[in-house]
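> Chains A and B are the protein sequences, given in the same order. The opening position of the first sequence corresponds to residue 1 in my numbering, with each subsequent residue numbered one higher. The opening position of the second sequence corresponds to residue 484 in my numbering, with each subsequent residue numbered one higher.
In the DSSO-like style, the derived pairs of lysine-lysine whose C-alpha atoms are separated by at most 27 Å in a straight line are:
1. B:K525 - A:K183
2. B:K525 - A:K449
3. B:K525 - A:K30
No wet-lab data here; the hints were simulated from the structure. None of the values given here were measured: they were computed from a predicted structure.
The residues making up each chain are set out below.
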Amino acid sequence: MLFPTFEFGIFFLIVFVVSWELRRTADLRKLFLLAASYTFYGWWDWRFVGLLVVSSLANYLFGRALGALERDGLRRTIVGLAVIANLGVLGFFKYYGFFLESLDDILITLGLQRDLPFLQVILPVGVSFFTFQGISYIVDVYRRDVAAQRSVVDVCLYISFFPQLVAGPIVRAAHFLPQLEEKPTLTPAMVGLGITLILSGLIKKMVIANYLATELVDPVFFDPSVLGAVDLLIGVYGYAIQIYCDFSGYSDIAIGVAALLGYKFNANFNQPYRSASLQEFWRRWHISLSSWLRDYLYIPLGGSRKGEWGTYRNLFLTMFLGGLWHGAAWTFVFWGTFHGAMLGIERYVRRRFASLAPPVDGEPQAVSRISDAASWVVGVIFTFHMVCFAWIFFRAESFGLAFDYLVGFGDWSTPVQHATPFLALLIAGALAFHFTPPSLGRWIGEGMKWLPSPALGPAFGAAIFFIWAVAPEGVAPFIYFQF
Amino acid sequence: MNAITPIEMEGVVERFEDMGALEEGWATVSRADVRDEDITRKSVTRVRRAFVMTVLVLLLLNSAGLVQLVQGLSIGPVQDTVIVMSETWHGEMERHGVADVLSGIRRHVTEFVQRPWDDVLIADPDLRLGEVEEAAETHEKDRTGLLRGAVLETSGS
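This is chain A alone, in the form it adopts within the complex:
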């Protein structure tokens, strides 16, 4: 079931009404939300609901074991087993074919070809997301950030709650589980924010992302060798906006839907293309994943406590694995590796500059202010283009197509074929949005907070209708479903 469809609209109306009717019986409400979440997930393929249930139950039992044990050694063994079990599920469904194909290629190259046990493994939707949430629960219990849950329903609902189930944001156990213990509340602020986020998500996904995908990005990336530099340049800018609007649109709708059901999720994007460095970009892009990788991978690896070279190694490893998490293909590995390497270089250069010109105390002078503003502008443009360069590998089907794409930037004579004024306007508008006040959405939400239902309902309906009418026909799946 996709968010921007009539099916989901009907499903959500039923869930909203029934769940709030059940608000006085907390256990029944949670049980209903769990059943709704399994229905939502089973809409794609009922067979994988079993996988979701087994994964949730296993994490519940690992959590109970961790809660019951006191000895550090045993606890460490349990958490290790739990992480291996979770990653095992992810590894089998997501990487089995990839590793076998890569092994086959190596064996052929070495002249040692063998019959390998290839299987047709279907990738369950959202497996990467619910696996990471399972690991989050286990590690949080191990670190005693959250108590081992007695209620199996709470753990299952945390892992399977439908707004974030298939494409995030990755919700932390320590953030969500305490909310399940409280009585659910719905404040006017949550209503205002929920409605605003749902509408903003629909605009981002249905209008901006879908137009860019169908009219520009898909044809440009299909065969870049026949296109000129202008199309390719606008194409990669378009992809940068498409993936942002697609994914942040999904996150907006998820956060908005959760808010209307009485639950709070943290923001997942914060105007990422206004970043003046790659480090800042990763603080603003897919925040739930980057903070997950920081807390459960980078810091356990030693973070920045292992000396300068240790920090570079940890940064590189974290981003390499982050790239692999996105998909079982070498292009994703390159994407993650590139970001890891560039983050390391950026850190190195910044430290060298800081040692050459240490910051001066006191009020900055006019010249200093101008130079700061200029360096910020240069930083934003440079970072955006670094990110766009990496997006080429992220989007291209193969390295061959990615190289064709890069080679095409040398050809400025081929006439423009795909980049139209409308698409250029969409890209420019979406980029301009990154430089609006960060609280714009919250201000709009505040405006809706006290809107009476006779105004709110028709306005919401008219807005949905307008988005529906303006958007290209058909519903394209969200990019992050494949991850």
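On the provided structure of chain A, position chain B as indicated by the hints.
Here is chain B on its own, set in the frame of chain A:
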């Protein structure tokens, strides 16, 4: 990143202010809980009413979408009735011209989406880029000036 959002802060402040303040009577229900329940009840009612109106607006304006949706239903007496009712409704909307709003918006959007660079870069919509180049070449041969009026005259626009 993990900072408390204003919504969370609002709840925290409300609870902090009312901490320990209990409703009178034998039930130990804090005023904060009573107020939360009251706010929630009002908000849920408000959103429920709003959603009913949203559905009505969508039924009115997007009757074509309704027909599209119900046509995906399986075969059965109830489903058949729903399909017939939806089609009748859509027919009524078409008769009153309400269904034309959707096609009207789509027509304008399609025109806008397909607009080429020539329309944007040249002020006069009748003058196309190809025509300008062709006219410029003719004028180059004729060694006449590349005046806008002359181009229009030559190209026959």
